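Trainee: Here the protein sequences line up with chains A and B, keeping their order. With my numbering applied, the first sequence covers 1 to 135. With my numbering applied, the second sequence covers 1 to 381.
Just so you know, these hints were derived from the structure itself, not from any lab. Just so it is clear, the structure is predicted and the values come from calculations on it, not from any experiment. Backbone N, C-alpha and C define an ideal beta-carbon position, used for all residues, glycine too. Honestly, I wouldn't trust all of these hints.
[To be verified] Output of the computed footprint for chain A on chain B, the stretches with three or more beta carbons under 8 Å from beta carbons of chain A:
id, stretch
1, 142-150
2, 188-194
3, 239-252
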Amino acid sequence: MTAELPPFVPGVFQAGASGPVLLGSRCGSCQQHFFPACELCPDCLSATSTAELGAHGRIYSHTVVRTKPPLGLPAPYAVGYVDLDDCGLRVFALLDPALVGRLQIGLPVRLAVAPLGTDQHGQPCLRPYFTAEPA
Amino acid sequence: MNDVYVIGVGMTPFRRAAREDLAGLGRIAALEALRDAGLTPAAIGGGYFANVLGPQLTGEVTAGQFVLASIGVRRVPIVNVENACSSGSTALWLAVNGIRAGEFDVALVLGAEKMSVPGLGLLRGGSEELETQLGMVMPASFALRAARYLHEFEVTPAALAQVAVKNRRHAALNPLAQFREPVTLAQVLDSPLIADPITRLQCCPTADGAAAAVLASGRVARADRRAVRVDAAVLCTGSYQNPTDLVRWETDRRGSRMAYERAGIGPEDLDVVECHDAFTIAEVLHTEALGLCGPGEGARLAVEGATALGGRIPVNVSGGLLSRGHPLGATGCAQLIEIVQQLRGAGGARQVEGARVGLAQCMGGDQSGDAKSCTVFVASR
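Bound conformation, chain A alone (with noise of 0.2 Å):
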């Protein structure tokens, strides 16, 4: 069962009402958004809360790894920028690699979660990855 799988980190991503959402962090002062998370923000460094960040944004850049990949991830894979609908960031991720051949800068995508390479103990893990919205 993937949902004994455990997350490849912790608190990167959580179950939301309609699938996963990505998670950061977002400063109690100034109210600015941060991914990956911190426990200060760096501009006024008050503390910050756990804040969801949302799952649906549009590829900002992508690439395809060819040479043999970390992390037990599949060959090739695919990463990229994403710039997030709700909160504004451009956080780097994976992308699916079933869209290898079909990724786009512009491309709509949403987070998904699923079994995608092994942890640092070289154990198998859930990633998250955008993929794409479907049509």
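Position chain B against the provided structure of chain A, taking the given hints into account.
Mentor: Here is chain B on its own, set in the frame of chain A:
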């Protein structure tokens, strides 16, 4: 504040599987730099040793003291420096500031790397960084810039690839370069894709090698007619601002602007440039950040020959990282050495005629679509 000059340089060939170990490579370059400066070890007031992978690959720590003691540099302050690909140039920056502050009059800066080891694989950030756990590898970080660049400026992959052809042509004129056989545009484009659109011949090779420089205050350098003056030495760090613009590199631009301001010159005053062409797209973005051309025009410089030897502003006449090779800790020193040789008129077959003002730009590390470290040096005679 003391003026700072480069009065001695030395480097090993950059190549795969050098016979020498890390210390052996370092000794060769450092001794050559000392001889070039006409100094004995007793004249050295401070030492800086740049190396990246030693602690990880062979467990070396405080390697700088070990290497420098073996060529007689003892008792004085010695600092080991790691700033990824810009370790060597960061060590130079420290030495410049040590001399400017009056801490000592002469410093020896040595960058060395031994990275021809089985199974090294692609370089990545630390395992604690989330991007690493999401599959970020060095070629991908630049491929993402390249893909965005091609998209925004309607540039072809062939235009990017031309940078590799140009720098290989330069390397043919550099006896110390790793790859000296010319390559054609078709060979660059047809080499295996590493991370789309970057092909293998658009990635710099790993190498073993060492490069060293002796820096001195004006007091000491006054008698040296070959001395090259350091007009600006800038080290800055990424802002990690989000959203980041992958093709208008703010950190690169900020570092360049600071260097020009401090040197009191502009890009139009430069005769020769070495920049951190770890990948073809990197040279293109750096030439734009340095103001050698406008945004989106960088790829054209190589295509039109402006950045080739004999062109308007030759870039990476040493062959650059792409063809000279990239022993991480040594690269930043090797770049400044090339500028010093050019300004001395000792560039041999690759001499830029009448070169009087040169610039060396380097970057290291990658985080949140930004460089962790950026150095820019301006030097003149």
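Trainee: Each hint needs a verdict: does it hold in this structure or not?
Mentor: Here is what the structure says about each hint:
By the rule of at least three residues with a Cβ nearer than 8 Å to a Cβ of chain A, the coverage given for the stretch 142-150 of chain B holds, with 6 such residues. With 3 residues carrying a beta carbon less than 8 Å from a beta carbon of chain A, the stretch 188-194 of chain B meets the three-residue requirement, and the given coverage holds. Look at the stretch 239-252 of chain B against chain A: 5 of its residues bring a Cβ nearer than 8 Å to a Cβ of that chain, three or more, so the hint holds.
Checked against the numbered hints given earlier, the structure satisfies every one of them.
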